[in-house]
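*Asks:* Listed below, chain by chain, are the residues.
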Amino acid sequence: MSAVAGVAGGGAYTAGRRARRSLFRAKWPLLALGLLLLLAVAALFGPSVSPVDPNRQNLVARLKPPLAVDRRSHRVYWMGTDGLGRDVASRLLHGARISLAVGFVAVLVGGLLGTTLGMLAGYFGGAVDALIMMIADIQLGFPFILLAIMFLLVLGPGVVNLILALGIGQWVTYARIARGQTIAQREREYVEAARALGQGHAGILVSAILPNILSPLIVIASFNVASVILAEAALSFLGLGVPPTVPSWGGMLAESRDELLAGHWWLALFPGTAIMLTVLSFNILGDWLRDFLDPRLTAVT
Amino acid sequence: MALARLLAQRLLQSLVVVVGVTLVSFATLHLGGDPTYLYVGEHASTEEIAATRAKLGFDQPLTTQYLNFARGLLHGDLGDSLTFHEPALGVVLERFPATLELTIAAFALALALGVPLGVFAALHRGRPLDGGIMLFALIGQSIPSFWLGIMLVLFVGLAWHWLPISGRVPLLDPLLAGDWRTAWTNLPQALPFLVMPSVTIAVFSLARTARLVRSSLLEVLSQDYVRTARAKGLSEGRIIVHHALRNAWLPVLTMLGLEFGFLLSGVVVVETVFSWPGVGRLVFNAINHRDIPLVEAAVIVFSLLFVGVNLLVDLLYLRLDPRIRLA
Amino acid sequence: MNRLTDRERRGIGVAMRSRFHRGRRVTLLGALFVVASAATCLSSAATGAVAAPTTGATRQVLRIGLPVDADSLDPSETDAQDTMSIAHLLWGTLYKTSSDGKLDPYFAVSAKLSDDGRAYTFKLRPDLKCENGAPLTARDVAYSFDHPADPKFKFTGHASGFVLPALRYTGARVDDPLTVTIQFAAYNPIALGLIAEMFIFCRAPYEAMTPEYAASHASATGPYRLVEWRHDDRIVLERNKSYGLPASPYDGVVFRVIPEASTRTAELLAGNLDIMSGVVADQIDAINHSGTAKVESVASIRRIYVGFNQNPKFAASAGGKAIRDPRVRRALQFAVDVPTLCDALLRTPCARMATMIFPPNDKTGIRADPFDPDRAETLLDQAGYKRGADGVRFALTLQTPRGRYPNDVNIALAIAQYLTDIGVKTTVDVLDFASVFVPLVRQHVAGPLFLMGSSGASWSALYDISDFPAPDGGSNYSDFADPEFFAGWKQIDQTHDPEEQAKVVRAMMNVFHERGTWLNLYFLPDLYGVSNKISWRPRADELITLD
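Protein chains in written order, with the numbering used here: chain D, 1 to 301; chain Y, 1 to 327; chain S, 1 to 547.
Just chain D, same shape as in the assembly:
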């Protein structure tokens, strides 16, 4: 009975069952997952439901505290308004979409790039490995934020460029793990079997090796979504985040920094809490994923 069958294919049903059982036993990861699902729903459907334009300014109604009522339209500002009179709750909802999108896509970009390069390096070895690892070392020699600043200054502002900069900033982590795991897997019997059957390199990499090395990569991805969301906030603080017409949690938090001393706490509390809860959830989820996926691997070997 080859190891492959135990992980991919037929083992999926039992894996799902085990996952559900493990989740229900541990309370925190369940809570985290629930929160993230709620967030995903809000991000997907919220903006279409919300009646207020997040970019609509109303200079007369600026800096209203939460639960203030607009004098003319009698609408309640549930989370108050910001410096331009824009509804904070509405911006928070739209910002969910942007922040989560940036987080996921950046991790996807970095993950795809890193995994591909790492697998190539580990599988082919030799010059390919040396070259890829050299590029990785060079990138590690840069403090991440300097790299991001330089990229964004050259590429210019915008959500797409931000995603690119954040994604390219983290491919090395995935590459290293993918490389190490690929090296461990490449001498296994199932790989030799696949080669004997006439499968090309690409086929082997994608269908045979990749499913077996996914687990640690998924764990890292979960943690990385958290750190990308934080990095977006830091870049917004430095003025390099999303453009001001696009609401994002990091941008809202960065904009609020001068308002704290003025006592307008709600401008920082809501986006700050949103960021913290989301990042916390991803970290908890990542922890659980790591515990869940690890013993399975050792049990199979």
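The hints are simulated quantities; they were obtained by calculation from the structure and are not laboratory data.
Note that the coordinates shown come from a computational prediction; the quantities given were computed from them, not determined experimentally.
Cβ atoms here follow ideal geometry from the backbone N, Cα and C, with glycine treated the same way.
Don't take each hint at face value.
Once the Cα atoms are required to be at most 25 Å apart in a straight line, the calculated DSS-like pairs of lysine-lysine come out as [what the hints assert, rightly or not]:
1. Y:Lys55 to S:Lys241
2. S:Lys503 to S:Lys533
3. S:Lys503 to S:Lys490
4. S:Lys241 to S:Lys123
5. S:Lys129 to S:Lys241
6. Y:Lys55 to S:Lys152
Distance ranges between label pairs, derived from CB positions [stated by the list, open to error]:
7. Y:Leu12 to D:Ile183: 17 to 27 Å
8. D:Val69 to Y:Thr46: 55 to 65 Å
9. Y:Leu318 to S:Asn132: 52 to 62 Å
10. S:Glu212 to Y:Leu318: 40 to 50 Å
11. Y:Thr46 to S:Ala487: 18 to 28 Å
12. Y:Asp179 to S:Asn132: 23 to 33 Å
13. Y:Met151 to D:Leu31: 20 to 30 Å
14. D:Ala40 to Y:Thr46: 54 to 64 Å
15. Y:Asp224 to D:Ser207: 27 to 37 Å
Place chains Y and S on chain D using the hints.
*Replies:* Quick look at chains Y and S alone, frame taken from chain D:
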């Protein structure tokens, strides 16, 4: 012997890294377009603009500019900063002790608090203390650093008057210049200024270290040889200290090498919030002003420091655990 | 039993040498560190003195907080506005500008314009000294002009990059130790004011210093001398004993560099700063209610406007074509509610910009356009730009820097909203000031709309309108080319009579107004935080002076 060969290998790798880093930053900064307009006065004529462009060397092809830079680098001359009109390396090194102070303090904090917290959490696994420490650590990894910094300024600095709000009293500068006396007299004044900025940087690393130490220790504690030691009747404390920790520090040490580079990243934001006169702020402004010699100088110093620390980590590995053969 | 194997003993030996003690050692060090810092914090909190060190009980030191560091302390190289305040404390000038825009004698006692109008002869005070006590004479004054002009050094600061070229300086002549004549190529109605911007420093010390050394080490001639410049941290000045003129009450001045606005305000509120520049509008109330400080504001000489770029590059798009029509530009003047912008976003009533000229010097009689969106819409309809089916007449992009002017991004966003409301769909492009915005503006390709600030002068209407010296002038960022306007400059050159010149200026400003060259906004209200312990009023020209 193996050590010499390893050193040579590592040095070569480090050289490649440093060269690569300068190449990447050079290319990136030049991709942003002609920086000449940043260096001429508001009412400059076209002749003045052309003259400035020639003076700063921006009119030559990129490869020539890079080769000139590389040639200068071999002589230790990194050119003059375009904003300060002084040697770029000097400008960077002048502010370097400040950033180093912050990084070392944050590093020490993360270690001094993170390791014990991780050990306690592992020892009390499953009990409320473990949960509490882990929750604290998770929260610590979830706070945006600039927000934490501003909160500290407003509460600890302004509202409660516990610590000074911003600024710095030099500590490393006299120390590195050999002036122990001044460093010693400055110490009591310098420490209060150092606390809030280094705490802000350290929180994330501290949290991560605590969690890593905890999981590393737990993993080791479940190993066979620990079971054997327990069976032999060794006390729990002895097991922890003599066996478990000895093997648990390996992944921690690896992380610490990378952590240093990560700490340097957090420095830019913190130096701005606490107006700490370090390299982080300098290089951020330099990138904004396309002061290419200054960015190159800073980037070289950073990467040299980073490879130096990692080299040290590798050497520590070898020294403390000769079983490991580094590929 | 409990006997350890040899291997374990060796292993323990290693561990004891390393990990065990290391772990303990580190924890001990950490605990010591925490205790030490706690002890020092509490002790320093008890003594209270955590700000800049002062020596002696009766020493009066003024502490000023700035957002950026000085760019250079070489008087031939310095360029930035904030550095000017520091420079005026270190060096004197022949004439100086009072806070209400008058030119008064300072290092010189008199100034006489030659008959052909191409030279000014100054008689100097006899009691001027260099920092080391040596007398300051006409030779030093001549050096102060020749040194920045010297092509060998390639200075690019305010003196050599702007003042001397604007003056068209040709040379300085030493007539006797107390008389010096400054010569320039042609009559210039603002020559005296320009000369007043040149710092006077001594020849001997500056000949002995390289430009690199001089950038951080100043030899003073003014009321203060440089003690220390800790880069990015602080500049420490103390009283210059060789300065012979009446002194200010402060023994020393410390300029602290604090880039983050909230941190700067916190220092002011904590009592660690006496004056602070760059107050964030939304923090005004917090400062005024604090009991330790208050906010002082002044309408500065800096004009904030939106430029309409008439560079041919923009002619292709519908919006770009539209703004080439002066009727469109006139219409848009009524679209923006400037007083509300100021009240809401700057939290200060601001001086509305009617013309380019600083209001106390404005004798044109031109009034600012009121907020009248209906009129704007009517004018646009009349010009032939009706609303389409989607309510849009044409689209424009407004480019703005970020953080360069107070609340610039929010001002731009608000203006865009106003314009969109009358059918001109405007999107805002936020650009980094130094690396992106400035190059675009300098090359005259920012736009088609761009938010910009331009500093004028408190002492001359002509200085204010010299943003447009010629159609191809470097600072003509809008490529404004109306021949009627520029003909006015020739007329000004021909007459030396201020009355005649004022008439020409009025005519030029009428043209400027009718063509809607700028979307006139306001004169930037500068906000300063001032400690309740001192009394200090800010100046319109943004100089921080101590008299």
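*Asks:* All hints are to be evaluated individually against the structure, with a verdict given for each.
*Replies:* Now the hints, each set against the structure:
1. Y:Lys55 to S:Lys241: Given that 25 Å is the threshold and the Cα spacing comes to 40 Å, the pair is violated.
2. S:Lys503 to S:Lys533: The given pair, whose Cα atoms are some 46 Å apart, is violated under the 25 Å limit.
3. S:Lys503 to S:Lys490: Given pair Lys503 of chain S, Lys490 of chain S holds - Cα atoms ~13 Å apart, limit 25 Å.
4. S:Lys241 to S:Lys123: The hint holds at about 24 Å.
5. S:Lys129 to S:Lys241: Satisfied, since the Cα-Cα distance of roughly 10 Å is no more than 25 Å.
6. Y:Lys55 to S:Lys152: holds (12 Å)
7. Y:Leu12 to D:Ile183: 17 to 27 Å: Holds, at about 22 Å.
8. D:Val69 to Y:Thr46: 55 to 65 Å: Given about 59 Å between the Cβ atoms, the range holds.
9. Y:Leu318 to S:Asn132: 52 to 62 Å: holds (60 Å)
10. S:Glu212 to Y:Leu318: 40 to 50 Å: At roughly 44 Å between Cβ atoms, Leu318 of chain Y and Glu212 of chain S fall inside 40 to 50 Å, so the hint holds.
11. Y:Thr46 to S:Ala487: 18 to 28 Å: This hint holds: roughly 24 Å between Cβ atoms.
12. Y:Asp179 to S:Asn132: 23 to 33 Å: The hint (23 to 33 Å, Cβ to Cβ) holds, given that Asp179 of chain Y and Asn132 of chain S are roughly 28 Å apart.
13. Y:Met151 to D:Leu31: 20 to 30 Å: holds (26 Å)
14. D:Ala40 to Y:Thr46: 54 to 64 Å: holds (56 Å)
15. Y:Asp224 to D:Ser207: 27 to 37 Å: Holds, at about 36 Å.
Checked against the numbered hints above, the structure violates hints 1, 2; every other hint is satisfied.
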